[in-house]
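2 protein chains.
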Amino acid sequence: MKIVALAGGVGGAKLAHGLAQILKPEELTIIVNTGDDFEHYGLYICPDLDTVCYTLAELANPETGWGRVDESWNAIENASKLGGLDWFKLGDRDLGTHLERTRRLKAGDPLSQITRDFCKAWGVEHTILPMSDQSVRTMVDTDEGELAFQEYFVHRRCEPRVKGFRFVGVEEAEPASGAKEAIESADAIVICPSNPWVSVDPILKVFSLTASTSSARRPAPLPVGEGKPVVAISPIIGGETVKGPAAKMYRELGIEPSALAVANHYRGVITHFVMDAVDSQLTESVRGLNMRTLVTNTLMKSHEDRRQLAQAILQFVGSDS
Amino acid sequence: MKIVALAGGVGGAKLAHGLAQILKPEELTIIVNTGDDFEHYGLYICPDLDTVCYTLAELANPETGWGRVDESWNAIENASKLGGLDWFKLGDRDLGTHLERTRRLKAGDPLSQITRDFCKAWGVEHTILPMSDQSVRTMVDTDEGELAFQEYFVHRRCEPRVKGFRFVGVEEAEPASGAKEAIESADAIVICPSNPWVSVDPILKVFSLTASTSSARRPAPLPVGEGKPVVAISPIIGGETVKGPAAKMYRELGIEPSALAVANHYRGVITHFVMDAVDSQLTESVRGLNMRTLVTNTLMKSHEDRRQLAQAILQFVGSDS
Numbered sequence: 514m515k516i517v518a519l520a521g522g523v524g525g526a527k528l529a530h531g532l533a534q535i536l537k538p539e540e541l542t543i544i545v546n547t548g549d550d551f552e553h554y555g556l557y558i559c560p561d562l563d564t565v566c567y568t569l570a571e572l573a574n575p576e577t578g579w580g581r582v583d584e585s586w587n588a589i590e591n592a593s594k595l596g597g598l599d600w601f602k603l604g605d606r607d608l609g610t611h612l613e614r615t616r617r618l619k620a621g622d623p624l625s626q627i628t629r630d631f632c633k634a635w636g637v638e639h640t641i642l643p644m645s646d647q648s649v650r651t652m653v654d655t656d657e658g659e660l661a662f663q664e665y666f667v668h669r670r671c672e673p674r675v676k677g678f679r680f681v682g683v684e685e686a687e688p689a690s691g692a693k694e695a696i697e698s699a700d701a702i703v704i705c706p707s708n709p710w711v712s713v714d715p716i717l718k719v720f721s722l723t724a725s726t727s728s729a730r731r732p733a734p735l736p737v738g739e740g741k742p743v744v745a746i747s748p749i750i751g752g753e754t755v756k757g758p759a760a761k762m763y764r765e766l767g768i769e770p771s772a773l774a775v776a777n778h779y780r781g782v783i784t785h786f787v788m789d790a791v792d793s794q795l796t797e798s799v800r801g802l803n804m805r806t807l808v809t810n811t812l813m814k815s816h817e818d819r820r821q822l823a824q825a826i827l828q829f830v831g832s833d834s
Numbered sequence: 514m515k516i517v518a519l520a521g522g523v524g525g526a527k528l529a530h531g532l533a534q535i536l537k538p539e540e541l542t543i544i545v546n547t548g549d550d551f552e553h554y555g556l557y558i559c560p561d562l563d564t565v566c567y568t569l570a571e572l573a574n575p576e577t578g579w580g581r582v583d584e585s586w587n588a589i590e591n592a593s594k595l596g597g598l599d600w601f602k603l604g605d606r607d608l609g610t611h612l613e614r615t616r617r618l619k620a621g622d623p624l625s626q627i628t629r630d631f632c633k634a635w636g637v638e639h640t641i642l643p644m645s646d647q648s649v650r651t652m653v654d655t656d657e658g659e660l661a662f663q664e665y666f667v668h669r670r671c672e673p674r675v676k677g678f679r680f681v682g683v684e685e686a687e688p689a690s691g692a693k694e695a696i697e698s699a700d701a702i703v704i705c706p707s708n709p710w711v712s713v714d715p716i717l718k719v720f721s722l723t724a725s726t727s728s729a730r731r732p733a734p735l736p737v738g739e740g741k742p743v744v745a746i747s748p749i750i751g752g753e754t755v756k757g758p759a760a761k762m763y764r765e766l767g768i769e770p771s772a773l774a775v776a777n778h779y780r781g782v783i784t785h786f787v788m789d790a791v792d793s794q795l796t797e798s799v800r801g802l803n804m805r806t807l808v809t810n811t812l813m814k815s816h817e818d819r820r821q822l823a824q825a826i827l828q829f830v831g832s833d834s
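These protein sequences, in sequence, are chains A and B.
Take 514 as the starting number for the first sequence in the numbering used here and just add one per residue.
Take 514 as the starting number for the second sequence in the numbering used here and just add one per residue.
Hints were generated in silico from the structure; no laboratory data involved.
Please note that the accuracy of each hint is not assured.
No distinction is drawn between identical chains; accordingly, a pair holds when it is met within one copy or between any pair of copies.
[Stated by the list, open to error] Pairs of lysine to aspartate or glutamate, EDC-like flavour, derived with a Cα cap of 20 Å: (1) K594 x E638; (2) K594 x E659; (3) K633 x E664; (4) K756 x E739; (5) K741 x D656; (6) K594 x D583; (7) K515 x E659; (8) K633 x E739; (9) K756 x E697; (10) K633 x E539; (11) K676 x E590; (12) K537 x E659; (13) K594 x E539; (14) K619 x E684; (15) K814 x E697; (16) K515 x E540; (17) K814 x E769; (18) K619 x E552; (19) K515 x E571; (20) K761 x E684.
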């Protein structure tokens, strides 16, 4: 069974890790959001891509979900003493990744090849790809003006009220080498429990078939094979997010945050929907959107939780396809 | 007494540190070579400037002379695991300096202002200035072709045979803000025991008064006040260098390396010359170059050696001027 998972940061990385515990390397491709990539201190930083890679490599900090385990902070502490910006936490080991990625990008290598090479060095056997080798920059329109994503997300701690999003460069961005082929030949697509607005929508827009649909408010369908299931897992549990601003964003955009709102967000894109047991009362409403529905435990506290959720999702799409 | 010291890396930094132990902050300006600056991993690195700053801040690694004391190497080790270049040793704390300098240069701040701010943060009270805020790049012509300085010096460990030097951009480079004024108003100039070819010549060329003299083989005079002493300390002791390739360069350029060769190199620029006691037999020859000569211990093994040499130099130029 060939699976493509679409992932953002921590939540997406956890499920991707669960899937990687079950599927063989050739059975799983993880396509990761790069809309939150940015340049900082002259270095090219890919927060979601690194979180997914570190998680699968079991190098991630288990407490934060992002960054490296056993990390030191000597570089950023010295930069900070010199008046440097310390709102984005750059650990020393993590910096090594950004240094080498920046060096190779400047030498002309595509991000997808660099990511493949880094994964090989870290012992990650499943395929992890950026959504595109071209730059896409998520901009957050807020009541304080438009902010670059990391400025909004990390520096401003998601405090400004969200009014909308813009993905600069998405119309021109081509899917990364091998990513479109992976989606086209997949037996199922898994949209991880990542932020629909800022983690998954940029990926969906890169794979949109027409420019007209990509600029529409509603995400466009993926180029999946005829009748192949596309399943999304709700990042919203009981009206709140485990991590990150998705629920706050829904509220500020005038939508009650709920698993139903997520299912509705993906209408026209997904065929299957997975939500947490605490949201079981929404089952009928989601089915009304013409989606098959699975209600299960979606909270991933342990490695075993990740594996169990991945297993449940694979059975769900496998039994119905 | 106002002193300007011209310095390259480790040897220059040691004498500058000695001078700083004696002179008040307003009495000493250290102008540092930036011809060996380079970009590496997207970061802007100033090896000589950092060595001088770290030394005066007492943050330098006492064993190597360059880099930071109590350093960790997590970033470069991870970059190296990913296939990165590790020939230039970037410690984690040191990286913080390069990160913040790169950020500020990209924001448009001049290197001299950045250096002043860094020194303030590190508690360095004497003035340290880059020779110029504009880029000067030392290129080494060798029997294997022309190499960028760090490529020759660190990556190739000075192995290729030297045929000559070129300082790209030196004709257009202006002295850093405050540097020319410091030289013009100094009571004496001290040319530290740094490499004449690649540490001191680039500084001298930046301060050359005419383009015609700056492109000549022989360094041009500094814009010092009438009758003010300019003293150089030989980096060559007993025909060899304490550190670095100066003696090897002299040999490869067909010149017997000696304190006399150094004095001859600076003919027309200096009025005073300091050489080690082991070279006392050269005293008459140096005096023949129309220079006042001091023979003393110039090897700086301890902090006290640095202070004693600085004291001897100040007495030497003070008594004669």
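Right, here's what the structure says about each hint:
Proximity of K594 and E638 under a CA criterion of 20 Å is satisfied inter-copy only: 16 Å between copies versus 40 Å inside one chain copy. Taking the closest pair of Cα atoms, K594 and E659 never come within 20 Å of each other, the shortest separation being 30 Å inside a single copy and 38 Å across copies. When the C-alpha separation of K633 and E664 is checked against a cutoff of 20 Å, the pair qualifies neither within a copy, at 31 Å, nor between copies, at 29 Å. Taking the shortest Cα distances, K756 and E739 never come within 20 Å of each other, neither inside one copy (34 Å) nor across copies (71 Å).
With identical chains, the CA atoms of K741 and D656 are never at most 20 Å apart, being 40 Å at best within one copy and 64 Å at best between copies. Proximity of K594 and D583 under a CA criterion of 20 Å is satisfied inter-copy only: 16 Å between copies versus 22 Å inside one chain copy. Taking CA atoms no more than 20 Å apart as the test, K515 paired with E659 passes in neither setting, with 39 Å inside one copy and 52 Å between copies. Taking the shortest alpha-carbon separations for K633 and E739, neither the intra-copy value of 33 Å nor the inter-copy value of 66 Å comes in at or below 20 Å.
In the homo-oligomer, the alpha carbons of K756 and E697 never lie at most 20 Å apart, since the shortest distance is 31 Å inside one protomer and 62 Å across protomers. Taking the closest pair of Cα atoms, K633 and E539 come within 20 Å of each other only inside a single copy of the chain (14 Å); across copies the shortest separation is 55 Å, beyond that limit. In this homomeric assembly, K676 and E590 never come within 20 Å of each other (Cα to Cα): the closest approach is 35 Å inside a single copy and 43 Å across copies. Taking CA atoms no more than 20 Å apart as the test, K537 paired with E659 passes in neither setting, with 42 Å inside one copy and 50 Å between copies.
With identical chains, the CA atoms of K594 and E539 are never at most 20 Å apart, being 47 Å at best within one copy and 24 Å at best between copies. For a Cα distance limit of 20 Å, the shortest separation of K619 from E684 qualifies neither inside one copy, at 23 Å, nor across copies, at 28 Å. Taking the closest pair of Cα atoms, K814 and E697 never come within 20 Å of each other, the shortest separation being 32 Å inside a single copy and 69 Å across copies. Within a single copy, K515 and E540 get their C-alpha atoms as close as 4 Å, which meets the 20 Å cut-off; across copies the closest is 73 Å, which misses it.
Taking the shortest alpha-carbon separations for K814 and E769, neither the intra-copy value of 26 Å nor the inter-copy value of 72 Å comes in at or below 20 Å. Taking identical chains as interchangeable, the C-alpha atoms of K619 and E552 lie at most 20 Å apart whether they share a chain (13 Å) or sit on different chains (11 Å). In this assembly of identical chains, K515 and E571 lie within 20 Å of each other by CA distance neither inside one copy nor across copies; the values are 23 Å within and 59 Å between. In this assembly of identical chains, the alpha carbons of K761 and E684 never lie at most 20 Å apart, being 27 Å within a copy and 58 Å across copies at closest.
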